[in-house]
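Colleague: Each chain, written out:
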Amino acid sequence: AQKVTQAQTEISVVEKEDVTLDCVYETRDTTYYLFWYKQPPSGELVFLIRRNSFDEQNEISGRYSWNFQKSTSSFNFTITASQVVDSAVYFCALSADTGANSKLTFGKGITLSVRP
Amino acid sequence: KAGVTQTPRYLIKTRGQQVTLSCSPISGHRSVSWYQQTPGQGLQFLFEYFSETQRNKGNFPGRFSGRQFSNSRSEMNVSTLELGDSALYLCASSLPWTGLNSPLHFGNGTRLTVT
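Chains as they are written, first to last, in my numbering: chain A, 1 to 116; chain B, 117 to 231.
Any given hint could turn out to be false.
Covered stretches of chain B, going by a simulated chain A footprint (3 or more residues, C-beta under 8 angstroms) [as the list claims (entries may be wrong)]:
1) 162-176
2) 203-211
3) 223-231
Since the hints were derived computationally from the structure, they do not count as laboratory data.
Ideal Cβ placement from N, Cα and C applies to all residues, glycine included.
All chains should be built: construct the whole structure from the sequences, respecting the hints.
Modeller: In C-alpha cells, the structure reads:
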C-alpha cells in the first residue's frame, strides 16, 4: 500500500521568508512518481512538479525548489522569498506502478499562510 | 486551451436523494478520474475512466458510480446520499498514454452538501 505523510499541518510565515514543506512517502514499488500540487482558495488543484523514482536530481524553478532523497523517502518542497500569493494548501502525492497512472495517493496537505 | 470544467459548482441535497456531477476534460485528454475531498479523510481516489471503461476504482461503496461518454466527458453519480457524502468532488483529466508520468489536471470541483 502507498502512504504519504505530511507531518506539518499549518505553516505561517512573513512575506519574503523561505519556507520548506516536508513530505515522506512509503511504497514497495520500485517505479513510482511523486508530485506536488497547490490548492488555492478557489479549490482547483494546480500541478507544480513531478519526479520519478529513478531521477533524484533536484531542481530549482524560479522561487521553487525540490529535494528528492530516496534514502530517506522524502520529497521536500521549498519556496524562497515567499509571497502572499503563495498562500494555499500544498499536497504531496504518490503514484505507483498500479497500471493506472491517475490513482494518486495524497498526503493530508499543508496550509501555508504568507502574511504581508 | 480550456481547463477541466465541472458542473455544477455547488449542490445541496437531502439524505436519501441521488446526485449526478458532470466533468468535461481538457480537449484531447481521454482519461478522467474522480476524487473526494473532505476535511477528515483528505483527498481520496474514487475511480478512473478511459475510453468509456472504468480502469481503476478506489475503496468506496457501490453507491458511488460513474461513466464516461464517447467524447470523454464523465459523470459521477451518488445514490442514497448520506451526511458523510458532503465533500468537494474533484475531477481530473490526463493524457493516459504517457503512463505514470502524466500529471493530472484538476477542475474547480463540485461542492456537495447533504442535509
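Colleague: Confirm or reject each hint.
Modeller: So, going through the hints one by one against the coordinates:
no. : hint    : result
1   : 162-176 : holds (count 4)
2   : 203-211 : holds (count 4)
3   : 223-231 : holds (count 4)
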